[in-house]
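Participant: Listed here are the chains, written in short residue letters.
4 protein chains.
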Amino acid sequence: MRYLFLSGSLRKNSFNTKLLHLAAQHLHCAHSDIANLNELSIPLYSGDIEAVGIPEGVQKLAKCIEQAQALIIASPEYNYSISGVLKNAIDWISRVRPMPFRKKPILLLAASMGPIAGIRGLWQTRIPLEGLGNYVYPDMFSLGIAHEALNEQEFVNADDQKRFTSMLDGFTEFAKKLA
Amino acid sequence: MRYLFLSGSLRKNSFNTKLLHLAAQHLHCAHSDIANLNELSIPLYSGDIEAVGIPEGVQKLAKCIEQAQALIIASPEYNYSISGVLKNAIDWISRVRPMPFRKKPILLLAASMGPIAGIRGLWQTRIPLEGLGNYVYPDMFSLGIAHEALNEQEFVNADDQKRFTSMLDGFTEFAKKLA
Amino acid sequence: MRYLFLSGSLRKNSFNTKLLHLAAQHLHCAHSDIANLNELSIPLYSGDIEAVGIPEGVQKLAKCIEQAQALIIASPEYNYSISGVLKNAIDWISRVRPMPFRKKPILLLAASMGPIAGIRGLWQTRIPLEGLGNYVYPDMFSLGIAHEALNEQEFVNADDQKRFTSMLDGFTEFAKKLA
Amino acid sequence: MRYLFLSGSLRKNSFNTKLLHLAAQHLHCAHSDIANLNELSIPLYSGDIEAVGIPEGVQKLAKCIEQAQALIIASPEYNYSISGVLKNAIDWISRVRPMPFRKKPILLLAASMGPIAGIRGLWQTRIPLEGLGNYVYPDMFSLGIAHEALNEQEFVNADDQKRFTSMLDGFTEFAKKLA
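Residue numbers (our numbering), protein chains in the order written: chain A, -16 to 162; chain B, -16 to 162; chain C, -16 to 162; chain D, -16 to 162.
Treat the hints as calculated values from the structure; they're not laboratory data.
Among the hints, erroneous ones may be present.
Put simply, identical chains are the same to the list, so a pair is met inside one copy or across any two.
Here are the computed lysine-lysine pairs in the DSBU-like style, where the Cα-Cα straight-line distance is at most 35 Å [stated by the list, open to error]:
no., residue 1, residue 2
1, Lys(-5), Lys145
2, Lys(-5), Lys159
3, Lys145, Lys86
4, Lys86, Lys46
5, Lys43, Lys159
Please put together the full structure from these sequences, using the hints given.
Facilitator: Take a look at the structure:
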């Protein structure tokens, strides 16, 4: 199973990106499978830029998505909704031809320092991904009070760890069936 | 009544930005009241950038929003949802203190070259704006097949023109009451 | 200010209905201003029933809505979404002519025995109400762990009480401006 | 493959129910696989009724869902959102133990007499179904101006027919993989 991991946060010490590292570790993936949106330097979407040519960073990300058999996306909730950074990346990817964001099994994760844990943002994140034709896994993982629930290496709480790996395993089974 | 106009599209010849010009004209506003996101060069949101300081373009936009008594936002629908460009601007603005995006009457417009006319995107756009505490006008204006419905100067169709000005007038009344 | 209170729960000892009683008390309203959906015996919506005639209970509720200057709706979240009972009432009301559910200021409340407190359901409840043209107040009140947070007469916690009355007062000001 | 068909409309000559008959025909299913919500006489959800016992009609429907390997739901859009009738049925089903609405592949259809074709309602219908853990197919079928697009026996337009059968076939493949 070839996974791609994508974070909706550009912050270096992002809790969401940390969730992706923990997921990659559990799934025996290389850390290089975690797309680095900072390095790809994707601009804000503009039809005028597109008319000149799809930016190189977008093309690279599109190729990674195309080659992946399953995606795991972790994203913060900003203002009760999808992260603008993630939405901008999706908007660009949807303009690449052939459009790679179709029929991909996708798992959504969120970490948040608040108690509601980012789940409202994930519901808004489903919409463009499903609208494009992807198979977004119904269960979503969200972790509240993330600054206390995660330490450098792992989940502080065994229950969170168990909930996390059980969701990853359920998703992997789902993705294999749809492959 | 002091209006601010904001477009969710960076494209120079955007139909959405054109709607804002028509709105500004009807409301006797200066074209300078139309915020130019291209000139403000707002970066993609990152907590690391924020830690260094809110970017100047964000601060300028925040000041414009603070001074406005009503906002009119026109935005394309991208992938059944909010424009990433607009969401990114909202995400940044929500980090400015004092946060200016609160209790502002807001009217939403959308132009689209397709027949569904962008209305699904506007429903997703309501969420962060209302979540922040703004008064988003319930009626929303959407214009399908915009490349045929708009010419250089105006609406081709008198019915669209009437629907547009009647919505602007209804919104103005709403905004005045809430001022 | 003439209020109408509407509960999305039919349960006799509903925490949501209890919130309405507390709201009515704070706003010096009669308990008779709380619509009793049980007594109105509104059937499930069917175009075949409608063809014979709008049911009496629907007509009564429509008249109450028409006469109200502001509505306060408290509703449980069922399955991450709007209560079917409340949605069915809205669907019926939207068929009455003249349609009374337009330009009404509306405040949304939710009580829930869980920690997320019903807020996701309220976001879905906004959609039909705003789609019909009502002014739904942006702030929404939600009370988690309601079976511990409410006793027979009042909020157990002074902070909840304060949050509640301050939202009611903010809404009243909003409704008066829009009257 | 064992299908269950469910309509969000109680109207006898419902275009949505007609879509289900066309789907059943294409998939060589018996018309008895189309659940008849009128005959099941499911009441509006109330915790007080539930405390006495889950109504017989709900239990029957729950058993049908449990035995089905895939569900096809056709539902009108009421007020930009889910049909209250359908939501009420989902709310009841979610209270049955063991809860049968989990890990079921589901296809959503909508017919509407308007041009927008019910698609906004389907987006709201995804939420409770996915929240309960079902696999809702990303593509959704919607048919606008349904009173002209359907005659007694079939689609008037060959393109609609093709779009319909191709979506049914795509969904069947999806459901088989997940079985």
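Participant: Work down the list of hints and note, for each, if the structure agrees.
Facilitator: Hints, one by one, checked against the model:
When the C-alpha separation of Lys(-5) and Lys145 is checked against a cutoff of 35 Å, the pair qualifies only within one copy, where the shortest distance is 26 Å, while the shortest distance between copies is 39 Å. For the homomeric pair Lys(-5) and Lys159, the shortest alpha-carbon distance inside one copy (32 Å) is at most 35 Å, but the shortest distance between copies (42 Å) is not. Taking the shortest alpha-carbon separations for Lys145 and Lys86, both the intra-copy value of 28 Å and the inter-copy value of 20 Å come in at or below 35 Å. Proximity of Lys86 to Lys46 under the C-alpha cut-off of 35 Å is found in both arrangements, the shortest distances being 15 Å within a copy and 31 Å between copies.
With identical chains, the CA atoms of Lys43 and Lys159 are at most 35 Å apart both within one copy (25 Å) and between copies (33 Å).
Going down the numbered hints, you'll see the structure goes against none, and every one checks out.
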